[in-house]
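**Student:** Take a look at the letters that make up each chain.
There are 2 protein chains.
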Amino acid sequence: MPDKILFLVADDVEDLELFYPYYRLKEAGFVPVVASADGGTLTGKHGYRLSADTTFADVKPEEYAALVLPGGKSPERVRLDQDALKITRHFVDRGAPVAAICHGPQILISAGRTKGRKMTSWNGIRDDLAASGAIYEDGEAVTDGNMVTSRRPGDLPAFMGAFLKLLSAAAKRTAVPAR
Amino acid sequence: MPDKILFLVADDVEDLELFYPYYRLKEAGFVPVVASADGGTLTGKHGYRLSADTTFADVKPEEYAALVLPGGKSPERVRLDQDALKITRHFVDRGAPVAAICHGPQILISAGRTKGRKMTSWNGIRDDLAASGAIYEDGEAVTDGNMVTSRRPGDLPAFMGAFLKLLSAAAKRTAVPAR
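Chains as they are written, first to last, in the working numbering: chain A, 1359 to 1537; chain B, 1359 to 1537.
So here's chain A without its partners, still in its complex pose (with noise of 0.2 Å):
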């Protein structure tokens, strides 16, 4: 069964950040899985519409090989929401590619998961990154451990690149050796 890969949105998300990933992810064979405080209609900063498949309450982080946190205004919604914190922490805490864009680094933040970590995001945030314990960097996909983060939507291809390669080595870790 191919690999589930969790996605944390709320309204206002920067449209491209969430759709890119998604597209890419099923164009790799990957199942994408958008969670949202509601399960509802999510509606983009630039108007595109996607259901969610799940609620933050119900999702079980164990079920999914990797995080996504897209970015826009989304972040700022997400971080407020104690099981959506939860579930990110669930990520980092075991070493699961996680991948935050743009705002989506917020979320990483409010879940206590950024001190000592070299990590990007978009500038208007860099410096409560930096106030947050993280290494800031500026480039187009940094990557610390399992965890990649970029600046904005002209990161995109770089940033699914890393995040693709973080992803085909924790399968490889993971796989069960053939007899």
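Just so you know, the hints here were simulated from the structure itself, not pulled from any lab data. Don't take every hint at face value.
Identical copies go unnamed one by one, so any copy, or any two together, can satisfy a pair.
Computed cross-link-like contacts, BS3-like style, restricted to lysine-lysine with a CA-CA straight-line distance of at most 30 Å [what the hints assert, rightly or not]: (1) K1403 with K1384; (2) K1530 with K1403; (3) K1530 with K1362; (4) K1431 with K1362; (5) K1431 with K1530; (6) K1444 with K1384; (7) K1523 with K1384; (8) K1476 with K1384.
Just so we're clear, the structure is a prediction, and the values are computed from it rather than from any experiment.
Since the structure of chain A is provided, determine the placement of chain B on it from the hints.
**Tutor:** Same frame as chain A, now just chain B:
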């Protein structure tokens, strides 16, 4: 030098059908180049903006490995431009990979390059494709020779998967054999 891939675009392009292929080709190491009638700033149906790199009149199609025709209301404008139609015929007639999605096939109709080809499109222009001599099929990515067509944004993963296969096969045909 990486291969350049040409996009023919006008205002009110379906944003995801421009940006998903654009970023996806960058991720795969190609150089996407956007041409428009006047070479100015393009605005998508959902408000995303992108500066064109060149004009239809200035394009030398022989410098490009392949052609992408995104949908939305853009193709109804592009198909009125005689330079854009000449460019389109150049790619089809030399057998270079051509990818058209949603309303993108309208440009192929006006260029007179649909007769006898298995194709799909947005369902609202299905009858126009059939009337122009195409063999209409309802599929997420319909490949006929070096042409791939798709119906809508949700087909983008299959569309780009199929187009990248065509690009890879074309690169092998034109590669200089190792000695």
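**Student:** Next, verify each hint and record whether it holds.
**Tutor:** Hint-by-hint comparison with the structure:
For the identical chains of this complex, K1403 and K1384 are neighbours both inside a copy (22 Å) and across copies (24 Å), given an alpha-carbon limit of 30 Å. For a Cα distance limit of 30 Å, the shortest separation of K1530 from K1403 qualifies neither inside one copy, at 37 Å, nor across copies, at 41 Å. Proximity of K1530 to K1362 under the C-alpha cut-off of 30 Å is restricted to the intra-copy arrangement: shortest distance 16 Å within a copy versus 34 Å between copies. Within a single copy, K1431 and K1362 get their C-alpha atoms as close as 25 Å, which meets the 30 Å cut-off; across copies the closest is 35 Å, which misses it.
For the identical chains of this complex, K1431 and K1530 are neighbours neither inside a copy (35 Å) nor across copies (44 Å), given an alpha-carbon limit of 30 Å. Within a single copy, K1444 and K1384 get their C-alpha atoms as close as 26 Å, which meets the 30 Å cut-off; across copies the closest is 35 Å, which misses it. Taking CA atoms no more than 30 Å apart as the test, K1523 paired with K1384 passes in both settings, with 15 Å inside one copy and 16 Å between copies. Taking CA atoms no more than 30 Å apart as the test, K1476 paired with K1384 passes in both settings, with 28 Å inside one copy and 25 Å between copies.
The earlier numbered hints that this structure contradicts are 2 and 5.
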